[in-house]
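K.L.:
Residue-level listing of the chains:
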Amino acid sequence: MALIQVRDLKKIYGDQVVLSDINFDVEDGAVRVLMGSSGSGKSTLLHCLNRLEDPTSGSILFRGKEVAGLDVDVRALRKQIGFVFQQFALYSHLTVLENVTLALKVLEGMKKPEANEKALETLSKFDMTIHQHKYPAQLSGGQQQRVAIARALAMDPAVLVLDEPTSALDPIMSRDVADLINRLHEAGITMLCVTHDLALAQNISDTVMFLDKGVIRADEKISILMSDTSDPDIHAFFGNKDNKK
Amino acid sequence: MNAWKIFETDLITQMPLILMGLVNTLKLAGLVSVTGLLFGIVVFYLSISKNVFIRSVTNSYISFFIGMPLIVLLFLMYYGLPQWGLRMDPFDVAAIGFTLNVAAYNAAYMKTAYNGLNFIQLEAASAQGFSPFQIFQLITLPQVLKLSVPALTNQVIANLKDSSVAFLIQYTEFFARMQELAASNFQFFKAYLLTAIVYLAMVSVIVIFARAIERRVVFPTH
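From first to last, the protein sequence lines are chains A and B. Using the numbering used here, the first residue of the first sequence is number 46, and each one after it goes up by one. Using the numbering used here, the first residue of the second sequence is number 490, and each one after it goes up by one.
Since the hints were made in silico from the structure, they are not lab data. Ideal placement from N, C-alpha and C gives every residue a C-beta, glycine not left out.
Covered stretches of chain B, going by a simulated chain A footprint (3 or more residues, C-beta under 8 Å):
1) 612-619
2) 627-636
Simulated pairs of lysine-lysine, DSSO-like, Cα-Cα distance not exceeding 30 Å:
3) B:Lys600 with A:Lys150
4) A:Lys170 with A:Lys157
5) A:Lys157 with B:Lys635
6) A:Lys156 with B:Lys635
7) A:Lys150 with A:Lys163
8) A:Lys55 with A:Lys266
9) B:Lys635 with A:Lys179
10) A:Lys163 with B:Lys635
11) B:Lys600 with A:Lys179
12) B:Lys539 with A:Lys150
13) B:Lys635 with A:Lys150
14) B:Lys650 with B:Lys635
15) B:Lys516 with B:Lys600
Looking at chain A on its own, in the form it has when it is part of the complex (with noise of 0.2 Å):
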């Protein structure tokens, strides 16, 4: 059984449809892609995914169990979804250990020598236990991305999710990304990913979903949807020089 299945999921906003007809799965251990341009409804279906917003209607199975409905346990569903934000989302007033032990200690019980050494060990796998005491305003945007990955993982979700882990970092940092992405899928972390950048996609899987307008157009093989001239849209998209760094 898939991770999670989503099916028929709808988000509306007032008379505005933002997502429609939504299905997908994404498997124990699989790196699944989401992209689409900007205000496809990326981070709609994400807020969605760990109830940050709540679907219109459809159902969210998460290992079997319904997650979509108004009687769930949102935080414990939370705290099984490692979500890192575009823009880091460092808790600026603590520093890098801080950010990393808060929710071990409040969420999870631990003690403070429990919380650090699992921090501590979480952040060395990102080589930023250098950094600890550094908060995030001291910390470049690379840096700042791992702190926020090292977070997630710190609480031992059952999936990472990503939302444009490389939108707010420059190329090389990019690269950095798709490496840290593909050593924690051979180290068994699911994972979905959203973004437009379609060299950050190749990185790191064979297959995309593409999501437009709401509704995913496509889920198939990056290199069939960059030679698809067939969809206007998908050919926009996948076959735009821009997007093929």
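For chain A, the structure is supplied; the task is to place chain B on it using the hints.
P.N.:
Just chain B now, kept in the frame of chain A:
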């Protein structure tokens, strides 16, 4: 006896009362700085509530108490309420009146700081599984307090200085005692100059503490 000698003699004679007045000033200013901060946090918390009714009532509270002169509030409570059968001693009136006023100002400072927060951090905390109150307690409030330190410490200075208006509702604080000293020998200039110097000295101590707090708690944001 020359004017200086008379002033000096009266000052020494009245020193115990003046020192008691000073203690009363510090007691009132210290108390309302704490209660004004704590109640201000409550008002601030309610002012960012998702409930529209709670938010509008709280914002009205802030506007009302910032808009009303403190002296009017104190007179209303001290001279007005007894006509409705509610009589309180000057210290209680001053403590309550100042707290209501100071809390409104502190809440306004915190709201300003709140508007400058990076709201994605709050969303990230929600995505991690923190409850709304945990987010307020662990993310919002610490950042808002740190960003408000200069405004909040200025308010403590204002509390110390403004406490002198409490003498108008018969609270015998430092300024009231210095008034008595001036009235007893008509050496107004000397008495009020000394009053100013003492207030300045007390404010300087607060400023030194405030700057030390700012250095300790302010975190890099850029």
